[in-house]
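*Asks:* Spelled out from the first residue to the last, the chains are:
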Amino acid sequence: MASTRHTERQWSAPASELRYRGIRPGYAVLHIATGGTIGIAAFVTLVTLVWLTLGLVPTVVGALVCGSLLLAVNSALSAVHRSRMRAFLGLHITAPSRVPSDRVLRRLRLVLTTATFWKALAYNAIVGLALFVIGVVLLAFLGAGLVCLTAPIFDTPVTLGSWGLSTQSPVTLGAVLIIGTALIVAVPPMARAVAYGDARIAIALLGRARTEELVQRVEHLAQARTGTVDAADAERRRIERDLHDGTQQRLTALAMNLGVARATLPDLTPSAQAALDQAHAEAKEALVELRGIVRGLHPAVLDDRGLDAALSGLAARSPIPVSLDVHVPQRLPRPIEAVAYFVVSEALTNVVKHSGASRAQVMARVADGRLHLRIVDDGAGGADPTTGTGLTGLRQRVASVDGELTVESPLGGPTVLEAWIPCGS
Amino acid sequence: MRVVIAEDSTLLREGLVRLLALDGIETVAAVDTAPALIDAVATLAPDLAVIDVRMPPGFSDEGIRAALEIRSRWPEVAVLILSQYVEERYAAELLSGSTRSVGYLLKDRVADVGEFLGAVRRVAAGGTALDPEVVAQLLVRRVGSPVDRLTPREHEVLSLMAQGLSNSGIATALVVSESAVAKHVNAIFAKLPLPETPTPHRRVLAVLGFLAAQKEAR
Numbered sequence: 001m002a003s004t005r006h007t008e009r010q011w012s013a014p015a016s017e018l019r020y021r022g023i024r025p026g027y028a029v030l031h032i033a034t035g036g037t038i039g040i041a042a043f044v045t046l047v048t049l050v051w052l053t054l055g056l057v058p059t060v061v062g063a064l065v066c067g068s069l070l071l072a073v074n075s076a077l078s079a080v081h082r083s084r085m086r087a088f089l090g091l092h093i094t095a096p097s098r099v100p101s102d103r104v105l106r107r108l109r110l111v112l113t114t115a116t117f118w119k120a121l122a123y124n125a126i127v128g129l130a131l132f133v134i135g136v137v138l139l140a141f142l143g144a145g146l147v148c149l150t151a152p153i154f155d156t157p158v159t160l161g162s163w164g165l166s167t168q169s170p171v172t173l174g175a176v177l178i179i180g181t182a183l184i185v186a187v188p189p190m191a192r193a194v195a196y197g198d199a200r201i202a203i204a205l206l207g208r209a210r211t212e213e214l215v216q217r218v219e220h221l222a223q224a225r226t227g228t229v230d231a232a233d234a235e236r237r238r239i240e241r242d243l244h245d246g247t248q249q250r251l252t253a254l255a256m257n258l259g260v261a262r263a264t265l266p267d268l269t270p271s272a273q274a275a276l277d278q279a280h281a282e283a284k285e286a287l288v289e290l291r292g293i294v295r296g297l298h299p300a301v302l303d304d305r306g307l308d309a310a311l312s313g314l315a316a317r318s319p320i321p322v323s324l325d326v327h328v329p330q331r332l333p334r335p336i337e338a339v340a341y342f343v344v345s346e347a348l349t350n351v352v353k354h355s356g357a358s359r360a361q362v363m364a365r366v367a368d369g370r371l372h373l374r375i376v377d378d379g380a381g382g383a384d385p386t387t388g389t390g391l392t393g394l395r396q397r398v399a400s401v402d403g404e405l406t407v408e409s410p411l412g413g414p415t416v417l418e419a420w421i422p423c424g425s
Numbered sequence: 001m002r003v004v005i006a007e008d009s010t011l012l013r014e015g016l017v018r019l020l021a022l023d024g025i026e027t028v029a030a031v032d033t034a035p036a037l038i039d040a041v042a043t044l045a046p047d048l049a050v051i052d053v054r055m056p057p058g059f060s061d062e063g064i065r066a067a068l069e070i071r072s073r074w075p076e077v078a079v080l081i082l083s084q085y086v087e088e089r090y091a092a093e094l095l096s097g098s099t100r101s102v103g104y105l106l107k108d109r110v111a112d113v114g115e116f117l118g119a120v121r122r123v124a125a126g127g128t129a130l131d132p133e134v135v136a137q138l139l140v141r142r143v144g145s146p147v148d149r150l151t152p153r154e155h156e157v158l159s160l161m162a163q164g165l166s167n168s169g170i171a172t173a174l175v176v177s178e179s180a181v182a183k184h185v186n187a188i189f190a191k192l193p194l195p196e197t198p199t200p201h202r203r204v205l206a207v208l209g210f211l212a213a214q215k216e217a218r
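Protein chains in written order, with this note's numbering: chain A, 1 to 425; chain B, 1 to 218.
Derived from the structure by calculation, the hints contain no laboratory data. For every residue, glycine included, the Cβ atom is placed at its ideal position computed from N, Cα and C. Any given hint could turn out to be false.
Said to hold, decoys possible - Once the Cα atoms are required to be at most 20 angstroms apart in a straight line, the calculated DMTMM-like pairs of lysine to aspartate or glutamate come out as: (1) A:K284 / B:E115; (2) B:K191 / B:E154; (3) B:K183 / B:E154; (4) A:K284 / B:E154; (5) A:K119 / A:E212; (6) B:K191 / B:D148.
As the list claims (entries may be wrong) - Covered stretches of chain B, going by a simulated chain A footprint (3 or more residues, C-beta under 8 angstroms): (7) 58–71; (8) 139–148.
Claimed, not checked - Some residues of chain B that are not near chain A, with every Cβ distance over 10 angstroms (derived): (9) A125; (10) A136; (11) S179.
Just chain A, same shape as in the assembly (with noise of 0.2 angstroms):
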């Protein structure tokens, strides 16, 4: 969707880019010539539909068809203007989102309680009328002028209201050419203001209302960064598994065998056993760093069993004692689970590198449709939550998903640092 409206917006201007100079005089002249035909048929259509929509309301069956009918042409007459305005303006007008509703009447009376409608069918009915006799009197001009210019050809009489102005004086001609004249110069400038006007009242009366145009915005855009978010935790995800299945399988294969040949290589030289040992401590050592950096990364458990059984693991890990008071009755969704994982893991780290705790305390709560996470250490405090990646990137986890996060961290302690991330339940 997204990438029409961009092509579009290629040869048409947005409603907001209208300008008067930008309008040219014969486009001006079809837009109305063609807004006041579609005008005056419309007019007539429409005001039948109502009074028969009216008139059959006894009849309940028939008022539905009839008035179902209305909405339809309705709404089809103002596409057509749009792409009049479209066509003729170069202005493109984003119609208003449609009722979502299949069934008739819940539909009927949806449409007939927004203002979307009745806009439309005022600019449908009424403006459509008044461009048609606009068109008229824009044409009677452009007549009046013809027969001026062209009466000495004629060599007839030219009546202007009582007035006879004989093209025989000169006087007389001259004044008929130069009223000619100024009848039919006088009709572009004029076209042009008409169909200005008519397209700003367009804008306003078959448009999408700017609070709508917004809504739809923001919810564009909470759908593209949720999109972002589970993007960024399926990566997460197939990192994961690559280096479970891959790296880590082998790295554990090595050590194995590196095990091996210390177990059964009888008489090695020292220096091919010291090479050997520490080969063997190498490979372990890795695969113990290399744990660290996948479990981070996304814990398996996380989605096998949830955060709670996840934060176990977090807790054992710490070199500090970390009690845990979690509380999550229900499976949370797991980009959610993901954040909340992510908070205390990286709270946990800072507890330990900065803040000198000697124990910390981690809580979970559900609560009026939010997670509520509070780790409290009992430490020096004084962490400023301004500076440092750490809670930068904490903050910025969070807000991914609509959360909050605050830091209290008065000098001499305790630091608090708590996130509510709402979860839908």
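Given the structure of chain A, go ahead and fit chain B onto it with the hints provided.
*Replies:* Showing chain B alone in chain A's frame:
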């Protein structure tokens, strides 16, 4: 001893077969999926099944589920889980019911050949082999659990107890007198609803069983 191996990485599967052969342990089947493992156990009746956790097709916890099925259908078959990660939740599931003939180790441990083969023999003989990381996770303090009522020192003692150390071993590890350890042990047994058992081994099993039950209850 007859062993069935379930591991989806060819490299590791073949390595394990070689490693066990070093100690004269016979691998009667080496498979790469959980259903194939169940089939092999059903038809070959091995003494021990060595099982990877993540296997095709789902690559999540197939190994744990298969191990639980084996423990309930063929209790005489010992199971040893090997995994790149250990998780207390899986340990709790494995240990609930019985702490006999079960092992749960990080795959890293296969690098230390002697210790690993010792663990294999211990599990096959009806014992328990839990990775220190598993024990640490089982011992994580939870607000409201009896474990949370222990003092830091008692917590340390319980952790060493769960790893299978005797009172004198614990005393050496913590550089305290044996009578001090005995005092802590008494305090632990008073705070946790554990039966007093005479041998260190039975004591370990009692502790692990208790911890697993705690985790399962959540």
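*Asks:* Hints numbered earlier in the text: which of these fail when held up against the supplied structure?
*Replies:* As far as the earlier hints go, 4, 10 are violated by this structure, in ascending order.
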